[in-house]
Amino acid sequence: MKIVIAGGTGFVGKALTKLLQYKGHEIIILTRNKTRLENDIQYVQWLQRGARPEQLLHEVDAIVNLAGISLNNGRWTKKQKKAIYTSRMDATLEIVRIMEHLNSKPKVLVNASAVGVYPTSTSSIYTENSTDYATDFLGSTVYDWERRAVRAEKLGVRVTLARFGVILGRESGALPSMLLPYKLHIGGTIGSGEQWLSWVHVEDVARAIYFAITNDDMKGPFNVTAPNATRMKNFGKTIASIMERRHWMPVPSFVMRLALGEQSMLVLEGQHVLPTDLEKHHFTFKFPHLKEALQDLLV
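By the count of full-length UniProt numbering, the sequence shown reaches residue 299 at its end, each step adding exactly one.
Source of the hints: derived by calculation from the structure; they are not laboratory data. Mixed in with the good hints there might be a few duds.
Restricting the straight-line Cα-Cα distance to at most 30 Å, the calculated cross-link-like pairs of lysine-lysine (BS3-like) are [claimed, not checked]: (1) K14 <-> K291; (2) K107 <-> K183; (3) K237 <-> K183; (4) K23 <-> K286; (5) K14 <-> K105; (6) K280 <-> K23; (7) K237 <-> K154; (8) K23 <-> K82; (9) K237 <-> K2; (10) K183 <-> K2; (11) K34 <-> K82; (12) K79 <-> K14; (13) K14 <-> K34; (14) K237 <-> K23; (15) K233 <-> K81; (16) K81 <-> K34; (17) K2 <-> K107; (18) K14 <-> K219; (19) K154 <-> K280; (20) K219 <-> K286; (21) K105 <-> K183; (22) K23 <-> K107; (23) K107 <-> K219; (24) K233 <-> K23.
Here are the simulated distance ranges between beta carbons [what the hints assert, rightly or not]: (25) S253 <-> K23: 40 to 48 Å; (26) P288 <-> P250: 43 to 51 Å; (27) K79 <-> P288: 37 to 45 Å; (28) E194 <-> P288: 30 to 38 Å; (29) P227 <-> H25: 43 to 51 Å; (30) Q21 <-> P288: 21 to 29 Å; (31) S123 <-> Q295: 42 to 50 Å.
Ideal Cβ positions, reconstructed from N, Cα and C, are used throughout, including at glycine.
Turn these sequences into a full structure, and let the hints guide you.
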């Protein structure tokens, strides 16, 4: 297949690219830099004045949209929140525009999303059938993001919305910053410790995206979280056990709010999210349990 990736040089994009190359597919990555061929990957410029990527995208089978400024890229100031929001909306609308101009439409668009679309809760369990939506900054951003993506359905394109949980990887994502206190021997429970962490190994994220590309029955939102979510206090204790460090110094919620402001919600609040749709379609997680995932990433 010929697969286009927007955001292909980011954390998830790199993992997906590695998987697709291993499986022998042709990859095109949309980039703000100049169009070029590198390591058997075609890089095509987009989101720049005068760029017309549609002129170089012929007979594309699938498009994966991972583009957008990271939620962890700086404190959530008013300016930063605007950048987070607009980067996602602009990229998604541009992808729809590109598809409008393609003579041969791709069969599927896999658009990134996030479990932040669900309200935070210590008691509720969310699946793709849940109708409660968060109204905070993150929830509103994800909701609008998904609405932009589904516009591609009018073009006859199958649209899937990958609602990512907290993605764990060795060098990027949330895990490195979570490990730091334990490396310094000051690790402990963050906040109440009762908040849910719906996590997922980055390899399973790439595999789930590929699964959505290749399974025609998948449509609409699907939660990309391991089937066994955990509470934050257990997450920390598991890290401490694997790293052979103490789990002893709690970090009060007010300290996190002082340090991170509104962004602190990413660690102080959470949702218990189940990957019901993936499991219904018989997707098998390589890392369904937290201890196995962390051992793979830390040992």
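Now for the hints, and whether the structure bears them out:
no., hint, result
1, K14 <-> K291, "holds, 24 Å"
2, K107 <-> K183, "violated, 46 Å"
3, K237 <-> K183, "holds, 13 Å"
4, K23 <-> K286, "holds, 17 Å"
5, K14 <-> K105, "holds, 25 Å"
6, K280 <-> K23, "holds, 24 Å"
7, K237 <-> K154, "violated, 48 Å"
8, K23 <-> K82, "violated, 38 Å"
9, K237 <-> K2, "violated, 43 Å"
10, K183 <-> K2, "violated, 42 Å"
11, K34 <-> K82, "holds, 26 Å"
12, K79 <-> K14, "holds, 28 Å"
13, K14 <-> K34, "holds, 19 Å"
14, K237 <-> K23, "violated, 37 Å"
15, K233 <-> K81, "holds, 29 Å"
16, K81 <-> K34, "holds, 28 Å"
17, K2 <-> K107, "holds, 11 Å"
18, K14 <-> K219, "holds, 24 Å"
19, K154 <-> K280, "holds, 26 Å"
20, K219 <-> K286, "holds, 22 Å"
21, K105 <-> K183, "violated, 49 Å"
22, K23 <-> K107, "holds, 19 Å"
23, K107 <-> K219, "holds, 12 Å"
24, K233 <-> K23, "violated, 38 Å"
25, S253 <-> K23: 40 to 48 Å, "holds, 44 Å"
26, P288 <-> P250: 43 to 51 Å, "violated, 29 Å"
27, K79 <-> P288: 37 to 45 Å, "holds, 40 Å"
28, E194 <-> P288: 30 to 38 Å, "violated, 22 Å"
29, P227 <-> H25: 43 to 51 Å, "violated, 27 Å"
30, Q21 <-> P288: 21 to 29 Å, "holds, 25 Å"
31, S123 <-> Q295: 42 to 50 Å, "violated, 30 Å"
The structure does not agree with the numbered hints 2, 7, 8, 9, 10, 14, 21, 24, 26, 28, 29 and 31 stated previously, though it agrees with the rest.
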